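Let the sequences and hints guide you as you build the complete structure.
Chains as they are written, first to last, in our numbering: chain S, 1 to 424; chain F, 425 to 908; chain A, 909 to 1464.
Treat the hints with care, as some may be off.
Below, in silico cross-link-like pairs of lysine-lysine (DSS-like), each with a Cα-Cα straight-line distance of 30 Å or less [as the list claims (entries may be wrong)]:
{"#": "1", "chain 1": "S", "residue 1": "213", "chain 2": "S", "residue 2": "139"}
{"#": "2", "chain 1": "F", "residue 1": "478", "chain 2": "F", "residue 2": "466"}
{"#": "3", "chain 1": "F", "residue 1": "659", "chain 2": "A", "residue 2": "1018"}
{"#": "4", "chain 1": "A", "residue 1": "1421", "chain 2": "F", "residue 2": "742"}
{"#": "5", "chain 1": "A", "residue 1": "1169", "chain 2": "S", "residue 2": "342"}
{"#": "6", "chain 1": "A", "residue 1": "1230", "chain 2": "S", "residue 2": "306"}
{"#": "7", "chain 1": "A", "residue 1": "1230", "chain 2": "A", "residue 2": "1250"}
{"#": "8", "chain 1": "A", "residue 1": "1151", "chain 2": "S", "residue 2": "342"}
{"#": "9", "chain 1": "S", "residue 1": "306", "chain 2": "S", "residue 2": "183"}
{"#": "10", "chain 1": "A", "residue 1": "1424", "chain 2": "F", "residue 2": "478"}
{"#": "11", "chain 1": "A", "residue 1": "1250", "chain 2": "F", "residue 2": "598"}
{"#": "12", "chain 1": "S", "residue 1": "247", "chain 2": "A", "residue 2": "1150"}
{"#": "13", "chain 1": "A", "residue 1": "1039", "chain 2": "A", "residue 2": "910"}
{"#": "14", "chain 1": "A", "residue 1": "910", "chain 2": "S", "residue 2": "111"}
{"#": "15", "chain 1": "F", "residue 1": "907", "chain 2": "A", "residue 2": "1250"}
{"#": "16", "chain 1": "F", "residue 1": "478", "chain 2": "F", "residue 2": "517"}
{"#": "17", "chain 1": "A", "residue 1": "1018", "chain 2": "F", "residue 2": "742"}
{"#": "18", "chain 1": "A", "residue 1": "1151", "chain 2": "S", "residue 2": "318"}
{"#": "19", "chain 1": "S", "residue 1": "153", "chain 2": "S", "residue 2": "268"}
{"#": "20", "chain 1": "S", "residue 1": "336", "chain 2": "A", "residue 2": "1421"}
{"#": "21", "chain 1": "F", "residue 1": "659", "chain 2": "F", "residue 2": "711"}
{"#": "22", "chain 1": "A", "residue 1": "1424", "chain 2": "F", "residue 2": "907"}
{"#": "23", "chain 1": "F", "residue 1": "659", "chain 2": "A", "residue 2": "1421"}
{"#": "24", "chain 1": "F", "residue 1": "882", "chain 2": "A", "residue 2": "1421"}
Quick list of the computed label-pair ranges, beta carbon to beta carbon [claimed, not checked]:
{"#": "25", "chain 1": "S", "residue 1": "384", "chain 2": "F", "residue 2": "667", "range": "24 to 34 Å"}
{"#": "26", "chain 1": "S", "residue 1": "345", "chain 2": "A", "residue 2": "1206", "range": "20 to 30 Å"}
{"#": "27", "chain 1": "S", "residue 1": "302", "chain 2": "A", "residue 2": "1221", "range": "15 to 25 Å"}
{"#": "28", "chain 1": "S", "residue 1": "302", "chain 2": "A", "residue 2": "912", "range": "31 to 41 Å"}
{"#": "29", "chain 1": "A", "residue 1": "1381", "chain 2": "S", "residue 2": "62", "range": "33 to 43 Å"}
{"#": "30", "chain 1": "A", "residue 1": "1221", "chain 2": "S", "residue 2": "249", "range": "37 to 47 Å"}
Think of the hints as simulated: they come from the structure by calculation, not from any bench. In this text, all values refer to a predicted model and were calculated from it rather than measured experimentally. We put the CB at the ideal spot given by N, CA and C, even for glycine.
These are the residues of each chain, in order.
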Amino acid sequence: MSWQDYTHDMQRCTRCSYCKWIPYRYMRNTDFIEGCPSVARYNWHAYAAGGKFNMAYSLLKGRIDIDDTFLDVLYRCQMDGSCDVSCKVQQDIEPLQLMQELRIKCVEEGKLPQPHQTVIQGLREEDNMMQAPKSDRGKWAGDMDVKDLAIDKAEVVYHAGCRYSYDKELWPVARAGLSLLQKAGVDVGIMGADEVCCGGRAYELGCSDEMEKYAQRQLETFRAAGVSTLVTPCADCYASFKVLYDKIGKGLGIEVFHITQYLERLLKEGKLKLTKKVPLTVTYHDPCHLGRLAEPWVHWQGKEVKVQGQMIVHDPPKQYRRGANGVYEIPRNILKSIPGLKLVEMYRIKEYAWCCGAGGGVIDAYPDFALWTAAERLREAGAVGAEAIVSACPWCKRNFLDAARETDNDIKVYDLIELVQKAI
Amino acid sequence: MAERELAEIVGTGNVLSGTEVIKEYSRDLSFVPAVAPRCVVKPGNVGEVQELVKWANSNLTPLVPVSSGAPHFRGDTVPGTGGSVIVDLSQMKRVIRVDPRNKVAMVEPGVTFIELQAELAEAGLSAYMPLAPRGNKSVIGSVLEREPITMPAHHWDSTDPWLCAEVVFGTGDKFRTGEASGPDTVEEQWELGRVQMNPFGHSHVDFQRLISGAQGTIGIVTWATLKCHYLPQLKKAFLVPSKNIEPLIDLSYRLVRFRLGASQFILNGLNLACLLGQNSEEIEKLKKTLPPWVLFVSFEGYGVLPEDKVAYETADFKDMARECNLKPAASIPGAKAEEVLARLAPSPEPYWKLRFKGGFQDIFFLTTLDKTADFITAMSELAPPENTGVYLQPTVQGTSCHCEFNLYYDPADRAEADAARWLVGHGAGEMARRGGFFSRPYGAWRDTAYSSAEGTQKMQRKVKGIFDPNGILNPGKLCFEIKK
Amino acid sequence: MKLAKQEYQALEYIVGREYITQELVILDTYNQVWGNKFFFDEKHSTRPSAVVLPASTDEIQAIVRVCNEYGILFKAFSSGFEYLSLALEKEKGILLDLKRMNRVLEIDAKNMRAVVEPYVSVYRLQLEAAKHGLYTGRIGVGYSAGVVAAECCHHGCQHTMVFTSGYGRNVLGVEWVLPTGEVLEMGTGESGGELFSADGPGFSLRGILRGRTGANGGHGIITKASVKLYPWYGPAEWEQEKKPGEPPSRGQLPKVPDGYKVLIPTFPNIDAALEAAADFCHAEILYSLSISLLGTDVPAEGNDEEWAMMQAADPELAEEVKSSLVLVIGGQSSRELKYREKCVLAITEKRGGRFLPEFNEPAALARSFVDMIWSNGVPALRVTGDFLPSSSSPDGSPDMLKNLALREGEIVQRYERSGAFFRRDTGQRQITWRPEENLSTGAQGISVALYDPYDPSSLEAARRFISELFDPRGKFQRFGVPARGGCLQIESVTHVHQNWGQRYDNYDLWLRKLKKMLDPNAVADWSAYIPPDYPDYPREGGYVMPSYPRKEEKGE
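Shown next as structure tokens:
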């Protein structure tokens, strides 16, 4: 669909402003009821999803152009989807998809903001989003004894992702994830230096062509490698492979797991056992791309019809993605089964979790906003008495680490992989 | 000449200018200086009131509306300037309608509580009343003055129990407030089921609020509708004695928070004695017997399960009293709760506040219940406690409290009278300085009330300029100057 | 229309560069308000010249002074969730977005009041007040209604009015920036005292603050309000939960909280139900009452699911809904709750009612509780795209409201039958009201017509419908001035005051004088208040037609 196809949605936005907050019925602590980092930080209604509907409608009507303000408002957004969940509690409209299409339009008109252009240039040249040399991609694995799927075959490919591949501080986590699979006897390999970006972040920036290109490449690569299963420790990559590729009709044709899902399977099968105590009070942060954005894509073709005079329904009935079918319980179940670990919940969780701040290109173009968002999340973690915040995505971990340092917050920041490793 | 013109409006027999009449309306029992009116007129209907107001405008003659019978106590019915005409509405005495289905009564300004209660009782209803109002107190007068009712659970808003009204503004325009307005007569409205019960509106203005508490400076009300409550099938009353006020305040908060009980208020021993005693000697005797402080509460049974209602309310009340270490009783030395209950009715003559020493001056203001102890202490340092009555009435469902001090004195004793005169002004000033909110600015404390209300004054004058541009309605009252 | 350079600079100096904008992209997110399509046949109304984000009363005061100096119109809002639309009456006008004024300043638990800034929502105050055993009433539009907007500026009718009143009755204090730039604090606030009374000295200026509806920005900006709170018998905190995989709309309480009960009696017919409703109110036992949708159903995820549920609904049960009531009772003690429940049973029996197990199943009652006490949002907006509160106005006795509802119902059904409105075959009735203060000031009549503003024939029908209701020569002439929320009172379009004033004691002439007095330079936007003058006043019982649609303003 193109952005104009959302005209119905633009018209139906009533400015209820639910998009600014978590769904009201789940509010508990009034210090933590905001859902949208953009409008929370920048205040103007334009920064809310409702504002984007307004912008799109004004653009449609020829009242405004895509100027610097338009771009700033559109891109100062993590594309985290909190607005989408809240809006759809009572509406049948698609704020996130509209914002995605607006970004695609901006790219088509050559208006991608400069910092993103630099990143995309890097992607084109080096196949990663980190502006780092392609040749360095596999270095995260160090001297681990693992199959190289460029030359070998395995059932499972462990796809580290761009962030894990190039963020040295996070390498131990990537290695730990792989090592857990190996310990469980999984026939696993990595692409090493031949691993390329999933293209998901590029898509979120509006570069749909790039993702299409990488999707095709991944498809061919995995086919050649003969893998039947993909496991990734990166939530962004997971959502790309699982949801976005399906959306654009380029499903990989193999099983796709986030590492938490795969670990759960291994634990259930008894191939891994959590026996060591990890005496820690932790809170779990739902990565957007493992949570609400990981809800499987729904393909629908049909039309809008009216019944009972004026009630708007669809033929056939349309299933909206309202965030409920993301991966929420599995990481929690794992944490709860770690001996000695106490799990406390924050006030904004699951479908309505507050974003870590890194997504949508914000970490590259608006790093101060990314850190602000993360700092808010750390504050929330502290408010529930957590000693550590645990997530399941390298972008979350990176942003939380940076925010903790920036704000002198001594809260520990873990990935779930690390805690599982401690408990093995 | 003027009297002739007035007689053409209200009828010759309704224009009074004899010496005794003039003297009677020149003063009241407050210390407000006496000012003789020109004459007194007694209109019989809204048309006459309108004509009076129009006449007053064309002659720039002040009008002073009065609806209750004498004696008056607050100075608001004493003309602010010479040459005024008293508009005495006391002979507009119709209880126009009693609606038991909707619990609404429609009355004219001359109707007293005694008269209204009699009619309401036949319909199984009762009026909301202030504490033992005097017999010839006009119901509308009481309600317009925002006198607090004794049933805080039923006091949703400061204007309660007033609903709608027909009013003649200072321009001479007739107006019906709230739901009473319309292109039809009230009788026609009744046919539609419209019973002038909803006070809100029109649109963006609550005209009713501009008349409430205005002391007749914005308009003259010619009828009003009022909320009524059910006449209970049974009642139970309690007195809760206490040496100190604080536990009673605690208990009062618990009761009022949960809307428990019907009438509820706190009196000091002196005021309870005045309420119960028939004369000075009885009051003196009771004073010695009664406890320093008493909380009175009644529980009324009505509706579908009257006995159950009283039973659970009294049981819960007793639990609350226990939590405050208080012992409610049906009778205490010197008083029975049932007696006090009976005294809540309109006061027989002489008015209960006059019985102790023959004279009194009130100081009353709004505060919150938790601050009243401080005000009591402060007042005790100014006024002799043995002659100072205290009455605390939770209002607006407990969000505020009417705090009243009654300074009793012998008007025949010059020294006492002078002391009372000084006290009523100085005492009000001291209470205001401590945060007492004088929302009803009468006589001695009028200037005190407005001393920290510049913005309100300014706005009220502008509003007055709209509804009474010539300033003919009760000039000199509230913050309105007398126009030359 | 752009501001002149010195005008912009004057405002920028007050709020700081970060908090003022003239960017078209942002301006156009402030003039696409809910009701616009109905009035203007276009989602966009007048584009503001600038939008500012003030942080304090001082800043707002300074802004208003600048507006007076340069003749710039101004209007403020909080959430902007407004069925009234947004229509700046002059091309040079600014909006004040009050998002930065969002503090709960005080909750005085003992004296049962809260002092809040304009951006505080009702649900947020409900969450905070519950910790103190207190509650603020549930506003019609739900969770996100602004407390200050509801109590002072807009309509303020509440689902819980039987217990918590509404319509500005709960205002205990106000800080008001007048159109002149002066600040008026009413009552105790002016002397620096605690905000427990806004009345006096003398008569209360709450009379000009609002009536049945507020001024919707027409006489300045309310920067702070003290509001009365009510007892809350429930927990200090609660959690609405759903099962994994269920959509977020399914979250609910596991049961009705301790301290409360919900009972849903069903009566032999609507008349018995209405009589019983009055009995319940007069018994002074209710926390909330609904004579309409029960709120017991699992909320539909979206329209498709709702349609499926409608088709699968048991028609007999749907018929029973029409004569059922939802009663919420609470108690500060178990005795009180038992007594209240006993009253419910006694009155139900008296009026021939019974309790159907389908309606009184615990999870269903818990859902009803949530809707009545907090809200389920406004799913009606999803059904067709918009709804009209179709009652012309009034509040009054149940008998009058029944009379009105029957007349109105005939008209609504005509439009429903024609297909112009959503047709409600089941589950809804045409006579319903919300009692106020145990029915002692009457009740509010409510009915709702659902139409599609983007379907030209439905929109046209909606306008004809409103014209019928709002025609003071018509069937509703004698039922009171239409004043729902200032709703449908966009004066440049619907001419309510011109048409109704002459039949209702010329209230419009007084209102115009008040407007002129408060706003001599006519800088406070009057679109939903009263215009400084009428361009076309009806004479001798005539009628000025609504003048929608309005020409679309083209962007600069």
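query = Within a Cα-Cα threshold of 30 Å, do residue 247 of chain S and residue 1150 of chain A meet the stated pairing?
reply = Since the Cα atoms of residue 247 of chain S and residue 1150 of chain A sit roughly 28 Å apart, the hinted pair holds (cutoff 30 Å).
task = Given the hint of 37 to 47 Å, check if residue 1221 of chain A and residue 249 of chain S actually sit that far apart at their C-beta atoms.
result = 39 Å, holds
query = Given the hinted pair residue 478 of chain F and residue 466 of chain F, is their alpha-carbon gap at most 30 Å?
reply = Status holds; Cα separation ~16 Å.
query = Do the alpha carbons of residue 1169 of chain A and residue 342 of chain S lie within 30 Å of each other, as the hint requires?
reply = 36 Å, violated
query = For the pair supplied as a hint, residue 1424 of chain A and residue 907 of chain F, is the alpha-carbon distance within the 30 Å limit?
reply = 23 Å, holds
query = CA of residue 1039 of chain A to CA of residue 910 of chain A, is that 30 Å or under?
reply = Not satisfied, since the Cα-Cα distance of roughly 47 Å exceeds 30 Å.
inquiry  = residue 659 of chain F and residue 711 of chain F were given as a pair; does the straight-line alpha-carbon distance stay at or below 30 Å?
reply    = Holds, because 27 Å separates the two Cα atoms, which is no more than 30 Å.
task = For the pair supplied as a hint, residue 478 of chain F and residue 517 of chain F, confirm whether the alpha-carbon distance does not exceed 30 Å.
result = Within the cut-off at roughly 23 Å; holds.
key: Restraint check for residue 1151 of chain A with residue 318 of chain S, where alpha carbons must lie at most 30 Å apart   = 22 Å, holds
inquiry  = Holds or violated: residue 306 of chain S and residue 183 of chain S, Cα atoms, limit 30 Å.
reply    = 57 Å, violated
ask   = Does residue 342 of chain S lie within 30 Å of residue 1151 of chain A when you go C-alpha to C-alpha?
value = Status holds; Cα separation ~22 Å.
ask   = Are the Cα positions of residue 659 of chain F and residue 1421 of chain A separated by 30 Å at most?
value = 50 Å, violated
Hint check: violations occur at hints 4, 5, 9, 11, 13, 15, 20, 23, 25, 28; the rest are consistent with the structure.
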